[in-house]
Amino acid sequence: MAEELKLFRTWSSVFALRIVWALKIKGVEYETIFEDLSNKSPSLLQYNPVHKKVPVLVHNGKPIAESLVILEYIDETWRETPLLPEDPYERAMARFWAKFGDDKVLTSIFWGVFLKEGKEQEEAMVEAMEHLQFLEDELKGKTFFGGERIGFVDLALGWLANMISIFEEVAGLKMVDEDKFPLLAAWMQEFADSPIIKDNWPPRDKLIAKFQALRDAKLAAAASK
Amino acid sequence: MSKEEVVLLDFWASPFCGRVKIALAEKGVEYEHREEDVLGSKSELLLNSNPIHKKVPVLLHNGKPVCESTVIVNYIDEAWPSPPLLPTCPYERARARFWGDFIDKKIFEGGAKIWGSKGEALEVGKKDFIEILKQLEGTLGEKDFFCGDNFGFVDILLIPLTTWFYAYEKFGGFKVEDECPKFSVWVKRCMQRESVAKALPEPEKVYEAVVMLRKMNGIE
Numbered sequence: 001m002a003e004e005l006k007l008f009r010t011w012s013s014v015f016a017l018r019i020v021w022a023l024k025i026k027g028v029e030y031e032t033i034f035e036d037l038s039n040k041s042p043s044l045l046q047y048n049p050v051h052k053k054v055p056v057l058v059h060n061g062k063p064i065a066e067s068l069v070i071l072e073y074i075d076e077t078w079r080e081t082p083l084l085p086e087d088p089y090e091r092a093m094a095r096f097w098a099k100f101g102d103d104k105v106l107t108s109i110f111w112g113v114f115l116k117e118g119k120e121q122e123e124a125m126v127e128a129m130e131h132l133q134f135l136e137d138e139l140k141g142k143t144f145f146g147g148e149r150i151g152f153v154d155l156a157l158g159w160l161a162n163m164i165s166i167f168e169e170v171a172g173l174k175m176v177d178e179d180k181f182p183l184l185a186a187w188m189q190e191f192a193d194s195p196i197i198k199d200n201w202p203p204r205d206k207l208i209a210k211f212q213a214l215r216d217a218k219l220a221a222a223a224s225k
Numbered sequence: 001m002s003k004e005e006v007v008l009l010d011f012w013a014s015p016f017c018g019r020v021k022i023a024l025a026e027k028g029v030e031y032e033h034r035e036e037d038v039l040g041s042k043s044e045l046l047l048n049s050n051p052i053h054k055k056v057p058v059l060l061h062n063g064k065p066v067c068e069s070t071v072i073v074n075y076i077d078e079a080w081p082s083p084p085l086l087p088t089c090p091y092e093r094a095r096a097r098f099w100g101d102f103i104d105k106k107i108f109e110g111g112a113k114i115w116g117s118k119g120e121a122l123e124v125g126k127k128d129f130i131e132i133l134k135q136l137e138g139t140l141g142e143k144d145f146f147c148g149d150n151f152g153f154v155d156i157l158l159i160p161l162t163t164w165f166y167a168y169e170k171f172g173g174f175k176v177e178d179e180c181p182k183f184s185v186w187v188k189r190c191m192q193r194e195s196v197a198k199a200l201p202e203p204e205k206v207y208e209a210v211v212m213l214r215k216m217n218g219i220e
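Same order as they appear, the protein sequences are chains E and G. Quick note: the first sequence uses my numbering, first residue 1, plus one each step. Quick note: the second sequence uses my numbering, first residue 1, plus one each step.
Please note that a few of the clues may not be correct.
Claimed, not checked - Calculated pairs, BS3-like style, for lysine-lysine (alpha carbon to alpha carbon, straight line, at most 25 Å):
no., chain 1, residue 1, chain 2, residue 2
1, E, LYS62, G, LYS106
2, E, LYS53, G, LYS113
3, E, LYS174, E, LYS218
4, E, LYS140, G, LYS64
What the hints assert, rightly or not - Footprint (simulated), chain G over chain E, 3 or more residues, beta carbon under 8 Å:
no., segment
5, 60–67
6, 76–89
Stated by the list, open to error - Residues of chain E clear of chain G, computed beta-carbon distances all greater than 10 Å:
no., residue
7, GLU4
8, GLU31
9, LYS52
10, GLU117
11, LYS142
12, GLY147
13, SER165
14, LYS218
Bear in mind the hints are in silico, worked out from the structure with no lab data behind them. Yeah, the Cβ is synthetic: ideal placement off N, Cα and C, and Gly gets one too.
Could you put together the complete structure from these sequences and hints?
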């Protein structure tokens, strides 16, 4: 039976990019369906009725949602070039760091520093710096979070590699200082330069425009309260 | 080292700790249990084992710490493979993880909107919470447990959280049994398992703790 694999995504979603990267690393063929989140397709609503979000991976008609859940599914279904380590303790560490990235790093940097200003932004910045320090410490003795090659945690945190410079440009402040976070800065460069990652990144100018508009809208809404 | 050393840093009222206790019991793993004074003074071991979050539960396996309850339950399943807590087929495993993620994101936070507020905000919280339970009821369907015939991962993540429902019911003025009868049947079914009954606190005791939490947060 021919495999049918579809990925529902948007052009800019960093969560969907995790899936693109994983499938490319594994050399798995798939069809892309781009969604307009302001006008969601009936298929998306049918495949992800609970959250109505991207990414959704549909494998032979069966949908899987939530990017980290999808990554684990991909790793279990296509076993070459594993994303997660073999050892249960190492796997637990990988899951812990991926969760830390989504729960804490993304929250403090995007919702805290990027989408706020003034005192709220300053407070979020303190938190963000603490979070980044934890990542810096975790990289000691490693090229990637996965060790010698890209793994689960690198894909989960991969948004940092390109989005940080976009957030910095739009918000007009430095978040990852190479002097403060040398290992993290090196990882961001190494990750962004990796062949599969480099070839699968949305256009920078489009991202700048999108996130500029997002920040402007958020700050305007907050000011009018 | 021939002898396994397993230590759990615990707090009696924490549903997240409850998950770990149930998982260890299901696997027949013996462990040392250490109660933490989470509202007072956390132990050196806790602060050293979980420097990032400084929270319970923490599982120490031969001295190596694992943090975050869902990560710990997955770890327990992989370190002691029998009996399995997750289904064998990748798609069913993904479904289980999806609902585990849903439970992690929605239940405890949803409940906090009930016990942690009053007036209009409480009413909204209650309405949203019941909607969440209805979604879970929908996915449970006619099955005995969330993944089918066997008690497993999703049940383990969810059942401890239900010990806080009595508190939500008291503050919200509703009963889960009236709103979601099938869900209540599942709760009772799980509570009949020895691993569950032994691991979880009495809802009345949790309610007393939540009353105290509410006062501490100045909501009265």
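message: Are any of the numbered hints broken by this structure? If so, which, sorted upward?
response: none
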